[in-house]
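Asker: The listed protein sequences derive, respectively, from chains F and R.
If you're matching positions, the first sequence starts at 1 in this note's numbering and goes up one per residue.
If you're matching positions, the second sequence starts at 1 in this note's numbering and goes up one per residue.
Keep in mind the hints are simulated off the structure, nothing from the lab.
In this text the structure is predicted, and so the values were computed from the model without any measurement.
Even glycine gets a Cβ: it sits at the ideal position worked out from N, Cα and C.
Do not rely on the hints blindly, as some may be mistaken.
What the hints assert, rightly or not - Just a few of them, taken from the derived set where beta-carbon distance is under 10 Å, the chain R residues facing chain F:
id: 1; residue: R42
id: 2; residue: A47
id: 3; residue: G71
id: 4; residue: V78
id: 5; residue: E124
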Amino acid sequence: MLVGAADVRRFIERYADLIDEHADELTELDAAIGDADHGINMRRGMHAVRERLPGAETPEAVLKSVATTLISKVGGAAGPLYGTAFLRASAAVAGKETLNEADLVALFAAALAGLRQRGGAQAQDKTMIDAFAPAVDALAAAVAQGVDGHGALEAARNAAHAGSDATIDLVARKGRASYLGERARGHRDPGSWSTALLFDAAAATLGGPVQ
Amino acid sequence: MNTAVVVVSHSKALAEGVRELAMQMARANTAVWAVGGTDDGRIGTSADAIRDALEQALHVANEVVVLMDLGSAHLNTVMAIEMLPEGLRPRVFMADAPLVEGAVLAVVAAASDDRADDVRLAAEEAREMHKLMSGGANA
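Please build the complete structure, drawing on both the sequences and the hints.
Answerer: Shown next, in the form of structure tokens:
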């Protein structure tokens, strides 16, 4: 499988569509345990991202454009977090015109490393890491077993959703929800949900041509 | 000027209020910048706006100490420092301190011409300052 800049642009456009569709839901999740702006921030950021996409001609350039726009346009923690993730993803595919399965693993693993470094969250802190880390693990494991891009991204997507579901029972140790203590239990982490949507978008667009 | 102070809050009004309060302790050699809100005027923090304030502060002072409120204020301050030209980055210090008391202590130290690392330490002493003699709710 090989995907190019056009596929990466479709990935980002699909993510922008999903954020639009789920913006109210993301904000409602954030209202329950945070500052009620995650959907608003992400929608605003992804709208600006979409406007700047057409000029980007390589996977690296597309991802870098997303990064710098999110850093500038998203007011909450999601800006620096997703911005750093996309910046690291961009660097991981620098110089490549097309991406294979191993490149996709490198791309998402670099994004995860950036998130961990920027936010300092561990597993089970009730953050986007709880969806992102299992998704990257599932992607890497599937590719290592020789699963094709579609199958590997489907596994990643399923792991991201399961990881997000598992945040419902957690108490938050990072982010605004950590101020709520036990009262955060019973609510899904909004960042984990926007991360699950990111892997939905990836699974729909980055698997390469259907064999 | 040795050290300028930058106050970063999610709220523009809060940042400006903290600046106003801390400037009561200032002298002619003291400068405080207040940064708050997103670039479209909502509650939040903006890495771009913080970077602009840091650049302005470093234009008049050798070093800068940054005071921050909640979570993403710190994340966006780190981003802002990384956006600065490399030579400026070592001149910025973040204080791990409560915003209001930390800013007052930082301005007092900055007004005494302290270097940034001492201003930062002064601000961080705010964590140990108690308002009630006994520490009890009804004392």
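Asker: Holds or violated: is there a CB of chain F closer than 10 Å to the CB of R42/R?
Answerer: With Cβ-Cβ at 6 Å, under 10 Å, it holds.
Asker: Min Cβ distance, E124/R to chain F: is it shorter than 10 Å?
Answerer: violated, 19 Å
Asker: With a cut-off of 10 Å on the beta carbons, see whether A47/R makes it to chain F.
Answerer: holds, 6 Å
Asker: Quick one, is the G71/R hint okay against chain F at 10 Å, beta carbons?
Answerer: It holds, given that the least Cβ distance between G71/R and chain F is near 6 Å, below 10 Å.
Asker: Could you check if V78/R really has its C-beta closer than 10 Å to a C-beta on chain F?
Answerer: holds, 7 Å
Hint violations for this structure: number 5 only, all remaining hints satisfied.
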